[in-house]
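Residue numbers (the UniProt record's numbering), protein chains in the order written: chain H, 1 to 247; chain U, 1 to 247.
Hints in this document: simulated from the structure, not taken from any laboratory.
Accuracy of the hints is not assured; some may be wrong.
[To be verified] Across the chosen pairs, the derived CB separations fall in these ranges:
no.: 1; chain 1: U; residue 1: ARG238; chain 2: H; residue 2: GLU126; range: 39 to 49 Å
no.: 2; chain 1: U; residue 1: SER55; chain 2: H; residue 2: SER221; range: 49 to 59 Å
no.: 3; chain 1: U; residue 1: PRO169; chain 2: H; residue 2: ASN149; range: 18 to 28 Å
no.: 4; chain 1: H; residue 1: ASN149; chain 2: U; residue 2: ALA176; range: 45 to 55 Å
[Unchecked claim] Covered, in the sense of this in silico footprint (three residues per stretch, anywhere, with C-beta under 8 Å from a C-beta of chain U), are these stretches of chain H:
no.: 5; stretch: 20 to 29
no.: 6; stretch: 93 to 101
no.: 7; stretch: 109 to 116
no.: 8; stretch: 170 to 181
no.: 9; stretch: 188 to 200
Ideal Cβ placement from N, Cα and C applies to all residues, glycine included.
These are the residues of each chain, in order.
Number of protein chains: 2
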Amino acid sequence: MPSDIPQPSFVLVRPQMGENIGAAARAMLNFGLDRMALVAPRDGWPNQKAVAMASGAGRVLDDAVLVARTVDAVAECSYVFATTARQRGMTKPVMTPERAMEVARDRIAAGEKVAVLFGPERAGLENDDIALANAIISVPVNPDFPSLNLAQCVLLTGYEWQRHSVAVPPEITEMAGSEWASAIEMDKLAEHYEDTLDRAGFFFPDLKAESMKRNLRNMWSRMPLTRTDVSMLHGMLRQMVRWKDKG
Amino acid sequence: MPSDIPQPSFVLVRPQMGENIGAAARAMLNFGLDRMALVAPRDGWPNQKAVAMASGAGRVLDDAVLVARTVDAVAECSYVFATTARQRGMTKPVMTPERAMEVARDRIAAGEKVAVLFGPERAGLENDDIALANAIISVPVNPDFPSLNLAQCVLLTGYEWQRHSVAVPPEITEMAGSEWASAIEMDKLAEHYEDTLDRAGFFFPDLKAESMKRNLRNMWSRMPLTRTDVSMLHGMLRQMVRWKDKG
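So that you can see chain H by itself, here it is in the shape it has in the complex (with noise of 0.2 Å):
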C-alpha cells in the first residue's frame, strides 16, 4: 500500500528498460513519493532489472499500479501533466516544474488528484498522451545540451514537489555541541588580545595603535565565533605568552 500522505501519481507511459523503471521508483522515494504507475513496460511486469536498480525502493514497484492504457491511469485525476522538452504545437499552458507543482500542491490540497506523466526514454510522450494532459511541464534545460533521462526528470519533478509541500528552513546552521558566544565573552576575548598584543609591542607606532586596535575589535565582531572557539582563542595567546616567558 502506497502512504497515506497526499501526493501526484507518477505515470511511466510505456517505459522501455527496467533499469530505468528502478532507478525512477529510487528518485520518487527520495523524495517521499510512492505512488507509480505504469503503463505498457515493453518488457513486460514485474521487471526484475527493475527491483534489481530499485534496491531500498522496490516498494514502490510493489505499489505500482499497471495499466494498458494512459487514460487508465488518469482516469480518476482531474489534473494530469505531460513532461515532455519540445513543443507539440497543441495550445497548452507549458510550466517549468517549481510552477507545476505549486499548481499540484493546491490542488492537491483541495482535495483533486493530479498526475504526472513521463513518456519512454527514447521517444518521449505521444502527442495522444498529451492531448489528455491539462498542462505541459518542460524543465528548462540547456538548449545546446538538453538530455535528462526519465530517472532525472522524475528526480526534478519530486525534487519541486517535495520543495512545495515540505517546509524546510533555508538555512541553519548546525552547532556541533556548542552555542555562540555572548557580546561579553566576545569583550573579553577581545581585551585579553589587546592586552596581551600591546605589552607585546604589536599596536606600533604609537601613532597608528588606536585605529590598530579598533580594527582588531572590528575583526572579532565580524567572526561568528562559538563559546568554544572563544576558550581555544583564549588558549591560543596564553599559550603564546607561555612559551616567550620559557624563553
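Go by the hints and put chain U onto chain H.
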C-alpha cells in the same frame, strides 16, 4: 576553454567510477555549467569510461582542471560549499540547494569566485574537505530513503543554479499557430449557440430558459479558446444543423 558565463565551479573530490564523472559532466551541461575540477580521481585521468558516459558533454571533461588536493581546486575561491547528506559536527551554515545557489548567484554577481565540492560516491566528503567550506549544502531528501548519487546531487545543484541565474517565465501557453479569441468573437460564438439551441428547443421549460442561457454564456466565458477553436465550434454547430436539414 569553459564558457565565459559567470558560474560556480563544481569540484568532484576523489571520484571513483569514470561513469559517474561522465554523468556529472552531463548533469552540469544540462544546466549550462562547464567548469569542472577533479581532485585525485581514483582511476587516474583521462578516463575512457568517463568520456563514453559524457557523450555530448565531453568538452566539460576536456576542460576539467585536474588537481591533487581539494585545497588546490578552491585556491582562488572566496566562498566554498560542501555537499553532504549527514551532519558532521562542525559549526557551519547548512543550506538547501535553493538557498545556496541564491548565495552563489549574489556572490558571483559581486565578482567572487565560488566552488561547490561533491564527495566520492560511497563515503562522501571527508571532514578535512568540509573544513575548507564556508557552508554546507544538504538536499532535503526523505530521511527514510536518502539515496542520492553523485550525478543526481550535481543535477539538483545545477538545476537550482540555473533556476536562480536564468529568468524563465514560470508559465507560458504554447499557441500552436493561433491567437486567443477576442471578446467579440466569443460573443458571436455564444450568440450562435444560443440562437441555434433556442430554435432546437434546448432551453426548456421556459421558466428555466433564462438561467440555462446564463449558464451557457458563463461556460463560454470560462473556456480559454483560440480563434481556431472558435471556428471549429461554429463549424460543428453548423454541421449539426445541416445534418438535421437533410433529415
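Going down the list of hints, with the structure as the test:
no. : hint                            : verdict
1   : U/ARG238 - H/GLU126: 39 to 49 Å : 32 Å, violated
2   : U/SER55 - H/SER221: 49 to 59 Å  : 52 Å, holds
3   : U/PRO169 - H/ASN149: 18 to 28 Å : 25 Å, holds
4   : H/ASN149 - U/ALA176: 45 to 55 Å : 27 Å, violated
5   : 20 to 29                        : holds (count 3)
6   : 93 to 101                       : holds (count 6)
7   : 109 to 116                      : violated (count 0)
8   : 170 to 181                      : holds (count 9)
9   : 188 to 200                      : violated (count 0)
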